[in-house]
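Chains A and B are the protein sequences, given in the same order. Position 636 of the first sequence, counted from 1, bears residue number 636 in full-length UniProt numbering, the numbering being contiguous throughout. Position 619 of the second sequence, counted from 1, bears residue number 619 in full-length UniProt numbering, the numbering being contiguous throughout.
Simulated from the structure, these hints should not be mistaken for laboratory data. Do not take every clue at face value.
[As the list claims (entries may be wrong)] Reference listing, derived: stretches of chain B covered by chain A, where coverage requires no fewer than 3 residues with Cβ under 8 Å from a Cβ of chain A: (1) 560 to 571; (2) 660 to 672.
[Said to hold, decoys possible] Dumping the calculated SDA-like pairs for lysine to any residue here, alpha-carbon to alpha-carbon at most 20 Å: (3) A/K148 / B/Q530; (4) B/K484 / A/G182; (5) B/K525 / A/D639; (6) A/K193 / B/E541; (7) A/K148 / B/A527; (8) B/K624 / B/S578; (9) B/K525 / A/R250; (10) B/K460 / A/P254.
[Unchecked claim] Listed next, with one range per pair, are the computed distances between beta-carbon atoms: (11) B/E885 / A/S196: 46 to 52 Å; (12) A/N321 / B/Q645: 35 to 41 Å; (13) A/R323 / B/N414: 57 to 63 Å; (14) A/E141 / B/Q645: 55 to 61 Å; (15) B/N458 / A/D316: 33 to 39 Å; (16) B/N458 / A/K198: 35 to 41 Å; (17) B/K631 / A/K198: 54 to 60 Å; (18) B/N824 / A/K198: 40 to 46 Å; (19) A/P252 / B/I402: 54 to 60 Å; (20) B/T984 / A/K198: 50 to 56 Å; (21) A/F594 / B/E382: 55 to 61 Å; (22) A/N321 / B/N824: 54 to 60 Å; (23) A/R323 / B/N458: 26 to 32 Å; (24) A/R323 / B/V691: 54 to 60 Å.
Backbone N, C-alpha and C define an ideal beta-carbon position, used for all residues, glycine too.
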Amino acid sequence: MSTYQEFIQQNEDRDGVRFSWNLWPSSRLEATRLVVPVSCLFTPLKERPNLPPVQYEPVMCSRANCKAVLNPLCQVDFKAKIWACNFCFQRNPFPPSYAGISEVNQPAELMPQFSTIEYIVQRGPTAPLIFLYVVDTCLEEEDLQALKESLQMSLSLLPPNALVGLITFGRMVQVHELTCEGIAKSYVFRGTKDLSSKQIQEMLGLTKPAAPGQQGRPVAPQEAAASCRFLQPVHRVDMNLTDLLGELQRDPWPVPQGKRPLRSTGVALSVAVGLLEGAFPNTGARVMLFIGGPPTQGPGMVVGDELKTPIRSWHDIQKDNARHLKKATKYYEALANRSAVNGHSVDIYACALDQTGLLEMKCLSNLTGGHIVMGDSFNTSLFKQTFQRVFSKDYNGDFRMAFGGNLEVKTSRELKVCGAIGPCVSLHSKGPSVSENEMGIGGTNQWKLCSLDPSTTLGVYFEVVNQHNAPVPQGGRGAIQFVTQYQHSNTQRRIRVTTIARNWADAQSQIQHIESSFDQEAAAVLMARLGVFRAESEEGPDVLRWLDRQLIRLCQKFGQFNKDDPTSFRLSESLSLYPQFMFHLRRSPFLQVFNNSPDESSYYRHHFVRQDLTQSLIMIQPILYSYSFHGPPEPVLLDSSSILPDRILLMDTFFQLVIYHGETIAQWRKAGYQEMPEYENFKQLLQAPLDDAQEILQTRFPMPRYIDTEHGGSQARFLLSKVNPSQTHNNLYAWGQETGAPILTDDVSLQVFMDHLKKLAVSSSA
Amino acid sequence: MSQQGYVAAPPYSQAQPGIGGYQGGFGAPPAQPLYGHYGGPPQGFNAPPAAGMMKSPPTSPAAMPPPPVSSQYNPSVQQNGAHPQRYASPSAASPPYGQPSHSVYNSMASPAPPTQQLANQMSAMNLGSYGKSHPPPPTSSAAQQHFQTPAPAMGQPQMHSAPAPHMASQNQMSPPQSPLTNMPASGQLMGGQSMTGPPMGAGPPMGGQSMTGPPMAGMNRPFPGPPPSGQGAFQQHGTGPTAPSGYPQQSGQFGGLMSGPQPGMPGAFPGSPGGLAGPPQKKLDPDSIPSTTQVIEDDKARLGGQVFSTNIRGQVPPLVTTDFTVQDQGNASPRFIRCTTYSLPCTAELAKQCQVPLASIIKPFAKLPKNETPLYVVNHGETGPIRCNRCKAYMCPYMQFIDGGRRYQCSFCNCVNEVPVFYFQHLDHMGRRVDFYERPELSLGSYEFVATLDYCKNNKPPNPPAYIFMIDVSYTNIKSGLVKLVCDELKTLLEKLPREDGAEASAIKVGFVTYNKVLHFYNVKSALAQPQMMVVSDIAEMFVPLLDGFLVNYQDSRAVIYNLLDQIPDMFADTNESETVFAPVIQAGVEAFKAAECSGKLFIFHSSMPTAEAPGKLKNRDDKKLVNTDKEKTLFQPQKGVYEQLSKDCVAQGCCVDLFLFPSQYLDLASMADVPSHTGGSVYKYNNFQVATDGEHFLRDLRKDLQKSLGFDAVMRVRTSTGFRATDFFGAIYMNNTTDVEMAAVDCDKAVTVEFKHDDALSEELGAFMQCALLYTTISGQRRLRIHNLSLNCTSQLSEMYKCCETDSLINFFAKSAYRAILNQPVKNVRDILVNQTAHMLACYRKNCASPSAASQLILPDSMKVFPVYMNSLMKTAPLVGSTELSTDDRAHQRLSVMAMGVEDSQLQLYPRLIPLHDVDASGEAVPAPVRCSEERLSDSGLFLLENGHAIFLWLGQASPPDLIQSLFNVPSLAHLQQEHMFTLPELDNPLSKKVRGIISELLEKRPNSMKLQIVRQRDKPEMLFRQLLVEDKGLHGGASYMDFLCYVHREIRQLLT
């Protein structure tokens, strides 16, 4: 094993796991002193082209409260055909099918390179995937047309056997029946009436009236038949649905002057959830909500229909002036929970220039693993391509989406699970490995991920419970097993098991080792997730203070300095970038609401808590590339000093891709040099960042906003707001020099931040 | 009134005091003076004649006549004499109109001396009175006839065979005198006319046309008593040339009257002298009692085909059964308004005394025959119609312009108003505006104003109304084939939506809903390739799922609608849903209209009791045990709550509901029809509907209903001149307060019966005015005001009042008030009240107006001589008969349908036409004259057609000649008739078949509702249904025969008199 860098990379590639610490402090006390908890970013469905799933059932520990899956860490007695669980030490006989087992004939799950293994299991009938479109019709004609086209196009992307349904809403909510010939039939609900799931199902005719003494589950075929009317296999209703979508009209109810259209998003969602709940409980399903504005009536209404009352802003919320906020949030949370219980996920595609109520509705996606996509209009490539990408396929031709996920975390005795942060809900499974100390969604060792894709990443937080006076035996290893059951997009049920182990280390004697095992990138993201999680419920400044405090404590713990001498402060290489991440995190839209609408904040946070490490880091600290005649493109500091007249900059903040042409370049371009054959190289220079941007655009989900700007352009603000303001109008010494562009801001620069940090870290009073 | 009367326990609980019921209204004492007068003179005069009368009538009619005649005339003459003098001054003011002059006359008349009283009566008759003055001799003769006839009638049956004939044929009555009377009458008339001629050019013709005579005569007869004065009077008349000038018109009319009445006058009737009804009755010749058919025929003969000009106040129009042409000359046509009496008693006391209800039956949208001018539309532009500042009455012919035309005095409240500048016009030498004939609102009885925005909801012009077809697609309706039938029919029928005259297409929009337990709305926007169906299952809180595309213009969306109508039957072909909802269906309609901001009509085709869990859910509460108990009323009462509110909502939105029911069992019609019956809607019911037998019948109804011309979102207000006011309203209406009659829609067959009460004494001179103003939205979405004006006479003479009564209107009022009363009282009480009131009305007449005669003699006012038969028929109708054999729904249905009926319909309902067909002249045009509705008129070898506006029967006597059967059915004999023959006549190419089918289709055409043709053979079971309609016979489910009833009434009268 060469370096931790490589080790970390290797582990991530194989298991999709990145731990904040790769050596674990052996006692609770030591662990708490490390400030950053033992935790990991785990990507349950990390794409593993080289991992063919095995076609049999996993072997599980027979102890009822353990049920750990046989893994390479288990001790195996090949003679006795017995294996010992490495979590509970229960000795289990192998099942009969393993009779032929021997040292030379080992099943895959015992081989070390299969620390992550995927099983295909045959359980129950396979249910087709379900896509339920919930479409807002209160759109501008142009938008609606674009949306209709996107939806029609999407039909061709769906697997032919997938069930598809359509609900449209405006002032009323219409559930369209898809089988009708000759006449388009739909069930209509009033947009203002909160209906219970039972009422909805009754009204849709999904329940047999007064089924006497409902014994267990109602008969399946009957149920399917009933729901068939609304959810049909794509291949059967392709034509019908295409026509139906084609005939969709804008909401016909007149909208008086000075009013918003009446949009019954709340009821529409309620109907969608109720429909699926009744027809397909515990089956993978996607509710795809397309909205062009905020809900304006009925339950879940976010803003009234009077245009003169604007939709709530952060200012209103802080002043407790947002009338509908609490009620609406509560409403959508209830829906989200119901939806999550049944394993249905909700996507929100919100395209409008103003806010659409994502703040209130975000939980729908957050809890159920759905996507949120935010755009200006459905008639933009941002939406069109993003939506198309939802249906992208992997190397096997399978959709990059999975349903009904269930993640269980098992730990060896020295560890307990504190919680997880990500697009999941707790299953409230209390086991021996559940810690009382909650971080994120805690109190359980199982979570439901209604929908997940290969990049879905959870932060999982642990607690070392080993007591200081009960040292772990030398060379002992702690183990964690992630068991992810899910419905693959080809409708198979699968179980992916990842078992990892890390060495214990005595923090007192081996602090250097522990320090060098620190994964500062993972730690930054994990801490950031904690911060964002807190920000959902706490005041912004409190979160920042907490974050600062943690940073200072970490620096105090691992920094080398002389007391009260800031200049003497040094951090080791493994921690050197961490403060900088924190600096940018503090400035990020995840924690700062200034200049962001509540919807935007919700949107940013939504993506932050589900992307993998790389993407998360980009979000925290955007990447800046510089293109010039002086050499090949190079990454440069995210600093105002990087903004030079003869450079083209490409900034990727995950949400935005900004191409910024320096002053000189912009002038050249304006002068049209790129058109002249003799300036072919300039043309190439201009083209280079575009190509690179295109590459990012190809893969990123959701599609970032693409911005092409130049020095002095209004859109340059996207760049200027991100870079470290090392030069501002305040430090005049940089004025007029060629070293970059001053930023007109009162924000502190990284330099100031670091100085301050050092001062506090070394302070003896702290 | 009636309601109060009936509801109030005290007045009615006592059977006999029936009168009491009216006391409240009519109680004013003034009546006495009249009596005094009357009595006074009578004693003086009458005594001799009376005695003579009494004795002589039976034996020697001829003898009698002369005296009475003279007496009558005398008074009138005196009046004339008197009037002229008084008249002179008033005439100046009144000249413009014939009517005003009348009023003057009346007023004049009342003050007249005793002798004049008679004249008053005469005069009250309007023209008649005048005429009388001239024709004294003749009239007297007529009157005598009456007297005599009555006497004879009664007496004859019992005593003399000879008299009977008199009764039977009025002519017989008259013969003795008629020659004399007629002759003189005409002569006098001539004279009278000549007299009148000068003053009022118009007068004479009017008189001739109006022909009010007949009723007058009837009245007269009873009164004729005082002959002595008569002669004197007559002479006076002759002498008083001055008078004539004032009267001329009247005289002219009178003349007409005289001639008319004489023939038909069997006003009085012989009670059984014996007094004991039982034995004598049997001896009575049925032909001797007053015959409705005869009365009708007489009226036809007298007035049929003539022109009725409405220029005279208090003019009694021809019977509803008579064909006549109306010329609007200042009063609303009787097609629009009919009154129970055209001469109101002056005081409440008088009214109370006689117990004759004062009511008008207003049919604001009555269909006018082609030869009558449709209503003129007056547009005053932005200012809107001109109205009295105080009472808000609309400008009408009764307004008196004064002060050189700068101001006008409201004839309703007497307020003096400024004439708006733009409306100013000079007056001519008669005090009449120069533009009198140019402005309908100054010269006509009925006209319309264009309403301004002030009269519109939310001050916005209304949208064109809409029709929504709501089809119950539950199992029953699918299986019976109804759904398909309706859908197929609608395709062609929608082409014929009512439209404005001259409009290319109807402005009415159409929408479609189907439903069972849930509602399905359809988007039939023209832009769609195929219709869209929207299911609303939220029946607890109904709403309309779409706006655009639901209510569409039929012309534009025809293709989509066709598509839809084709598909509906198939879509539900395999339904097994048998539960339905109902209230939410109506609610949906209301919501749709609300959303579209228009008014309109729902056509609901419904099959069964709404038992699905939803608002307005009904349960079977049909309990035959309740019949004939105090709780029977609950069977007629709608269930409270949902439907009440729904009616209110409907009316507020102008949503009329027409309900077509296809029940196979009880469906609580009382509740289901609650909304239609408050929104101006109709309820049609087809029991055990089968396409084969009822399909055509139903479609006829649907076609008629859909094509009816009507107004929407209507509010009616009846204003009256001081002294009386409208107090109660009956009809398919909704009352939010006590004065505004609200109707979601009102069509050409819906009538509102309005009852009046005295506030104060009325003046004979001024008369009484009423103005019915109806604010509504036309079928093209224009807001209009329809105004009907009517002027009535007032009289302090009961005899005059009785003379001007109209039986058909009276019975309409009684039917409605009784049908309403059964909601609150046991049916038996209501029947008792009816009998008592009948007896009281007649007794009062006998006591105060008829000349003294034997107590055993039944004397009926001429105008009411067939009143008992109607009354008896009314009491035998299903709602009132209280029999467990009748379906509760049918009873409720009949009750409700009568509530909205006009006079024509109620008349037919209560006295069906029985037309003999066996000896019809197949080649001729004429329809055989109906015969009396009695089994006795049937003959074993006869064929009869019987129709009452709701059902039509072809009755085949047992011994029908085979050749008739052959020509009608193409089968050799009755025995060969199969079931399939029982509902339709085959189309055969022979004169008889053509003739009979022609008669039937003509009837079907004429009636507002379709009638199901049923062919019944004598002694077959279905004959029961047929026999039910023979109203002169004993009722199948109880109820007396006409004869028995008459005897009973007679006995009651005698009791009252003693």
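A quick look at each hint next to the structure:
1. With 4 residues having a beta carbon nearer than 8 Å to a beta carbon of chain A, the stretch 560 to 571 of chain B meets the requirement of three or more and the stated coverage holds.
2. For the stretch 660 to 672 of chain B, the proposed coverage by chain A is not satisfied: 0 residues have a C-beta within less than 8 Å of a C-beta in that chain, short of the threshold of three.
3. The suggested pairing of A/K148 with B/Q530 holds, with an alpha-carbon distance near 19 Å, which does not exceed 20 Å.
4. Of the supplied pair hints, the one linking B/K484 and A/G182 holds, its CA atoms being roughly 17 Å apart against a limit of 20 Å.
5. The straight-line distance between the Cα atoms of B/K525 and A/D639 is roughly 61 Å, outside the 20 Å bound, and the hint therefore fails.
6. Distance restraint check for A/K193 and B/E541: the Cα-Cα separation of roughly 9 Å lies within the 20 Å cut-off, and the hinted pair is therefore satisfied.
7. Between A/K148 and B/A527, the direct Cα distance comes to roughly 18 Å. Compliance with the 20 Å bound is thereby established for this hinted pair.
8. Proximity of B/K624 to B/S578 is assessed by CA-CA distance (about 26 Å); at most 20 Å being required, the pair is judged violated.
9. This hinted pair checks out: B/K525 and A/R250 have alpha carbons roughly 14 Å apart, not beyond 20 Å.
10. Between B/K460 and A/P254 the CA atoms are separated by roughly 17 Å; this keeps the pair inside 20 Å, and the hint holds.
11. In this structure, B/E885 and A/S196 meet the distance hint of 46 to 52 Å, their C-beta atoms being roughly 49 Å apart.
12. At about 39 Å, the beta-carbon gap between A/N321 and B/Q645 stays in the expected band of 35 to 41 Å.
13. At about 60 Å, the CB distance of A/R323 to B/N414 agrees with the hint of 57 to 63 Å.
14. With their beta carbons about 40 Å apart, A/E141 and B/Q645 fall outside the hinted range of 55 to 61 Å.
15. Distance hint check: the CB atoms of B/N458 and A/D316 are about 35 Å apart, consistent with the given range 33 to 39 Å.
16. With their beta carbons about 40 Å apart, B/N458 and A/K198 fall inside the hinted range of 35 to 41 Å.
17. For B/K631 and A/K198, the Cβ-Cβ distance of about 40 Å falls outside the hinted range of 54 to 60 Å, so the restraint is violated.
18. Remark: the range hint 40 to 46 Å for B/N824 to A/K198 is upheld by a beta-carbon distance near 44 Å.
19. Range check, A/P252 to B/I402: Cβ separation about 58 Å, and the 54 to 60 Å hint holds.
20. Take B/T984 and A/K198: their Cβ atoms lie about 52 Å apart, and the range 50 to 56 Å holds.
21. Between A/F594 and B/E382 the C-beta distance comes to about 59 Å, which sits within the given range of 55 to 61 Å.
22. For the hinted restraint 54 to 60 Å between A/N321 and B/N824, the CB-CB distance of approximately 59 Å keeps it satisfied.
23. Distance hint check for A/R323 and B/N458: the Cβ-Cβ separation is about 30 Å, which falls inside the suggested range of 26 to 32 Å.
24. As the Cβ distance of A/R323 to B/V691 is approximately 59 Å, the hint placing it in 54 to 60 Å holds.
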